[in-house]
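Undergrad: Sequence:
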Amino acid sequence: QREYIEATWKNQWDSILQSQNQIIGWIFTLHGLGLAGLLTFAASKTTSFSVVLGAVFFITGLVLIMVYGTLMYYFESHHFWRFRNNVSELRSQAIDWSEFVAREKLRPEKYRSCEWLAWISAGCGLGGLIATAVAIL
784 QREYIEATWK NQWDSILQSQ NQIIGWIFTL HGLGLAGLLT FAASKTTSFS VVLGAVFFIT
844 GLVLIMVYGT LMYYFESHHF WRFRNNVSEL RSQAIDWSEF VAREKLRPEK YRSCEWLAWI
904 SAGCGLGGLI ATAVAIL
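So the sequence shown is numbered by our numbering: it starts at 784 and just counts up by one.
Just so you know, the hints here were simulated from the structure itself, not pulled from any lab data.
Incorrect hints may have been included.
Here are the simulated DMTMM-like cross-link-like pairs (lysine to aspartate or glutamate), alpha carbons at most 20 Å apart as the crow flies [unchecked claim]: (1) Lys-793 with Glu-887; (2) Lys-793 with Glu-892; (3) Lys-793 with Glu-872; (4) Lys-893 with Asp-797.
Here are the in silico distance ranges between beta carbons for each label pair [stated by the list, open to error]: (5) Val-839 with Gln-805: 32 to 42 Å; (6) Trp-880 with Val-839: 11 to 21 Å; (7) Met-849 with Asp-797: 18 to 28 Å; (8) Ala-916 with Arg-785: 47 to 57 Å; (9) Arg-874 with Ile-913: 29 to 39 Å; (10) Arg-874 with Ile-903: 41 to 51 Å; (11) Gln-805 with Ile-842: 14 to 24 Å; (12) Val-917 with Gln-805: 21 to 31 Å; (13) Leu-909 with Thr-823: 41 to 51 Å; (14) Ser-827 with Arg-890: 46 to 56 Å; (15) Thr-829 with Glu-887: 54 to 64 Å.
Glycine is no exception: its CB is placed at the ideal position from the N, C-alpha and C atoms.
Given only the sequences and the hints, what does the whole structure look like? Please build it.
TA: Below is the structure:
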């Protein structure tokens with residue numbers, strides 16, 4: 784039991800930190816650099832519909848990935864604190880091991896809302912790249 788608790792506790796906290804690191808990486812790669820490149824291109828040429836559309840895609844993608852990161856952080860934090868409370872109850876013998884495990888099984892493995900936000904943001908990135916390519920060509 785102790786090994787399971789310690790491993791899960793560490794995993795939960797690492798998930799919170801990983802979600803924050805992940806969002807920073809996504810923001811500064813696809814959307815951040817895409818928008819910077821598109822704006823640099825727009826400054827040297829006349830602004831076209833494709834440039835505006837690409838900027839809208841990249842900005843929308845940035846906003847969506849920030850919402851994703853925020854939701855992921857709060858979901859993971861919530862489950863971490865629930866786990867911590869379950870551990871406290873187990874140690875104080877307010878619940879037994881089978882109840883503890885049953886509660887753990889109720890925790891979702893992934894969050895559909897975050898999954899959708901990430902995919903839509905990725906789609907916006909792809910849309911931004913396509914609009915940029917059309918503007919350049």
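Undergrad: Look at the Cβ atoms of Trp-880 and Val-839 and judge whether their distance stays inside 11 to 21 Å.
TA: Check failed, 53 Å falls outside 11 to 21 Å.
Undergrad: Given the hint of 41 to 51 Å, check if Arg-874 and Ile-903 actually sit that far apart at their C-beta atoms.
TA: holds (42 Å)
Undergrad: Kindly confirm whether 46 to 56 Å is satisfied by the beta carbon distance between Ser-827 and Arg-890.
TA: holds (51 Å)
Undergrad: Is the gap between the beta carbons of Gln-805 and Ile-842 within 14 to 24 Å?
TA: holds (20 Å)
Undergrad: Range first: 18 to 28 Å. Now tell me if the beta carbons of Met-849 and Asp-797 are that far apart.
TA: holds (21 Å)
Undergrad: Can the suggested window of 41 to 51 Å be confirmed for the beta-carbon pair Leu-909 and Thr-823?
TA: For Leu-909 and Thr-823 the Cβ distance comes to about 20 Å; the hint is violated.
Undergrad: Does the Cβ pair Ala-916, Arg-785 satisfy 47 to 57 Å?
TA: holds (56 Å)
Undergrad: For Lys-793 and Glu-892, compute the direct alpha-carbon distance and say whether it is at most 20 Å.
TA: Distance ~16 Å between Lys-793 and Glu-892 Cα, so the pair holds.
Undergrad: Would the pair Lys-893 and Asp-797 pass a check requiring their Cα atoms to be no farther apart than 20 Å?
TA: holds (15 Å)
Undergrad: Would you check the hint for Lys-793 and Glu-872, treating anything up to 20 Å between C-alpha atoms as holding?
TA: holds (18 Å)
Undergrad: Mind checking the hinted window 29 to 39 Å against the Cβ distance between Arg-874 and Ile-913?
TA: Given range 29 to 39 Å: violated, Cβ gap about 55 Å.
Undergrad: May I ask you to test the hint 54 to 64 Å on the CB atoms belonging to Thr-829 and Glu-887?
TA: With Cβ atoms ~59 Å apart, the hint holds.
Hint compliance for this structure: hints 5, 6, 9 and 13 are not met, and every other hint is.
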